[in-house]
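Undergrad: Chains as they are written, first to last, in my numbering: chain A, 3 to 364; chain B, 3 to 364.
Just so you know, the hints here were simulated from the structure itself, not pulled from any lab data.
For each residue, glycine too, the CB sits at the ideal point set by N, CA and C.
Honestly, I wouldn't trust all of these hints.
To be verified - One-sided excerpt, in silico: chain B residues whose CB lies under 7 Å from chain A: (1) 3; (2) 138; (3) 141; (4) 144; (5) 165; (6) 309.
Single-letter residue listing:
Protein chains: 2
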Amino acid sequence: MEQFGLSGPTKEQVEFFQDAPFFRRRIIFAHRDLDVIIDAIRSGREYAVLTGIKPTGDYHMGTFQTVKEFVYFQRKSPQAIAVFSIADIEAWEDNGISFEESKKIAISNVSDLLAAGLDLERAYIYFQSKEIRVHELAALAARGITLATMRAVYGERHMGLYLSALVQIGDILLPQHPDLGGPKPTLVPVGIDQDPHLRLTRDVASKLKPKWGFVEPASTYHLIIRSLLGDKKMSKRDPMSYISLRDDESLVRKKILNAFTGGRETAQLQRELGGEPWKCVVYEIAKFHLYADKDEELEKIYRECVAGERLCGECKMQILEDLIEEMKEHERRRIEVLPTARQIVERAWNRQPLYTASSGGA
Amino acid sequence: MEQFGLSGPTKEQVEFFQDAPFFRRRIIFAHRDLDVIIDAIRSGREYAVLTGIKPTGDYHMGTFQTVKEFVYFQRKSPQAIAVFSIADIEAWEDNGISFEESKKIAISNVSDLLAAGLDLERAYIYFQSKEIRVHELAALAARGITLATMRAVYGERHMGLYLSALVQIGDILLPQHPDLGGPKPTLVPVGIDQDPHLRLTRDVASKLKPKWGFVEPASTYHLIIRSLLGDKKMSKRDPMSYISLRDDESLVRKKILNAFTGGRETAQLQRELGGEPWKCVVYEIAKFHLYADKDEELEKIYRECVAGERLCGECKMQILEDLIEEMKEHERRRIEVLPTARQIVERAWNRQPLYTASSGGA
Chain A
3 MEQFGLSGPT
13 KEQVEFFQDA
23 PFFRRRIIFA
33 HRDLDVIIDA
43 IRSGREYAVL
53 TGIKPTGDYH
63 MGTFQTVKEF
73 VYFQRKSPQA
83 IAVFSIADIE
93 AWEDNGISFE
103 ESKKIAISNV
113 SDLLAAGLDL
123 ERAYIYFQSK
133 EIRVHELAAL
143 AARGITLATM
153 RAVYGERHMG
163 LYLSALVQIG
173 DILLPQHPDL
183 GGPKPTLVPV
193 GIDQDPHLRL
203 TRDVASKLKP
213 KWGFVEPAST
223 YHLIIRSLLG
233 DKKMSKRDPM
243 SYISLRDDES
253 LVRKKILNAF
263 TGGRETAQLQ
273 RELGGEPWKC
283 VVYEIAKFHL
293 YADKDEELEK
303 IYRECVAGER
313 LCGECKMQIL
323 EDLIEEMKEH
333 ERRRIEVLPT
343 ARQIVERAWN
353 RQPLYTASSG
363 GA
Chain B
3 MEQFGLSGPT
13 KEQVEFFQDA
23 PFFRRRIIFA
33 HRDLDVIIDA
43 IRSGREYAVL
53 TGIKPTGDYH
63 MGTFQTVKEF
73 VYFQRKSPQA
83 IAVFSIADIE
93 AWEDNGISFE
103 ESKKIAISNV
113 SDLLAAGLDL
123 ERAYIYFQSK
133 EIRVHELAAL
143 AARGITLATM
153 RAVYGERHMG
163 LYLSALVQIG
173 DILLPQHPDL
183 GGPKPTLVPV
193 GIDQDPHLRL
203 TRDVASKLKP
213 KWGFVEPAST
223 YHLIIRSLLG
233 DKKMSKRDPM
243 SYISLRDDES
253 LVRKKILNAF
263 TGGRETAQLQ
273 RELGGEPWKC
283 VVYEIAKFHL
293 YADKDEELEK
303 IYRECVAGER
313 LCGECKMQIL
323 EDLIEEMKEH
333 ERRRIEVLPT
343 ARQIVERAWN
353 RQPLYTASSG
363 GA
């Protein structure tokens, strides 16, 4: 972390964000320049929070973590604007998904975003293939980035992937475009695998600072939720590895009952030795997505597991029921905002931003 | 030429375009798919002609040749649309010229374009940094272009240059974007040095044909007018190598009197052996830019030179006076259309296209 200029959040920083379960639970384990954002919040100055989705499928419990952080950082101050990129260019370059297909999938993604509580009055949602400012910034950024740098950051890839990377730099700088009110602190909540990309974007921002005044983007890094099968991270390629926000109740049941836990080989052993919740994917789902206002419930599960007082079967049943309740609640909200999501996607597609940044004319 | 699928224009093709001095004089010496355009003209079907300018300075006698061809191919049929790219992204990536500087220089470029006789009712003029459709097409194109291909076509360059190349592919495909009326034959008049780029664009168009219906762009290739100093081509880097359309009379005089000719060492030798007009840059200027409707005058100069009846001094004086008259006439027209040029640039900058393609909604 030190080598790349990352820090773990300090006690003061966690305290400042103590209304966020993912800070209290140390799901956000590292950051860069978080104090720049805290200063902006404290002094009531404008800042932006930025994320996006590659619309190749529905949100799952892994990818949805970023949405929660995104909405939280917007809601944390009335001076925050939220900028959301529908990465249809990346979906094309990386997965061969046409812009039209992306548009369809994006409706589901945006509805999840709205159901998570985004304040639309201070949000700007766009398609990469339809937002010229992103390309203007990508072109600014490209000058002077060598092929050697591209190879070091992204590996030896085809031009589509390199173009997509430049466009993502454009995404991250978009909140600072003059049309969106110009330079401002910008926070990008990501998984740690995104850090090389963030570092390159900071280099670019720093190079363009003399003329454009860009502030180097700040970032937070969350733990990556593991696959339900216990190994790598949840992957869109393997449906049994994740719970999608669109999975129905019976499928969620099946996946949770099937999931990898920190249990022992036999009930007797588990009572004697206790379980290992740090290995348990079901516990991880609870930690990431349940009991947002009840840390004590999470702690109780952990304590009882370690003490051998709680076996995996009953534990799974409790978490499963609470998860299904949570998902149903989310789905109720989502169905309510679905017409709005359709409208937002349609207007973004037609390059007519529905909602504008407070100080910008986007 | 054969190796790359180029042909010289046939007698029939030259006959078809006999109202164009640059066909009669074989300045256009090669083409690809010119019959596709001739067919469109003959049958009254829509086609596009496309060119652009990297706004790093004023047009000169070399670069202006393309403008003449561009306007001619538009005027040749009432069904032609003319699409003109102000390549501000290329100017940035290649020369470090900011978009704002490009905007200023573009006014001069566009005024020359209008003075050359462009029909604005059927023209679309845009900035690369402001036209999202170009980037949509560039992104479509990028998928599957390998780094090896980029290196083969453009050499080992930085990302800015590669991005700029992708954007130029977007330029060439723009007339076929659904918003501009969809697939249609497109002619790109260029110098022969642009051929590798055209070939790559044809590959891309062919790959995207199944879904987008793109027609592979046709092209014509003109001879490159040489430097006034007799060696390489006119270069914006060396002002004595070219005559700019903004050079004043005394500067034009100086440059022509200074220019390399096909004359012999002494007047006596020249009377004995005759001159070598094929080596003469002053003759080349006449061939490219003078006596558009008087081939006989050009032939007379050539004949008299070869016969030793015409010495360089007097010849230069004649061509100089005729050139200055031609330039004054152009300048008169240009001053007239300058307010329109300003307006076009302003509106293109603000992403409000002033003139739309007949069947499109650009």
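Undergrad: Does each hint hold? Answer for all of them.
TA: Hints, verified against the model:
1. 3: violated (28 Å)
2. 138: Cβ of residue 138(B) sits 5 Å from chain A, so the hint holds.
3. 141: holds (5 Å)
4. 144: Given a least distance of 4 Å, the restraint on residue 144(B) holds.
5. 165: holds (4 Å)
6. 309: violated (55 Å)
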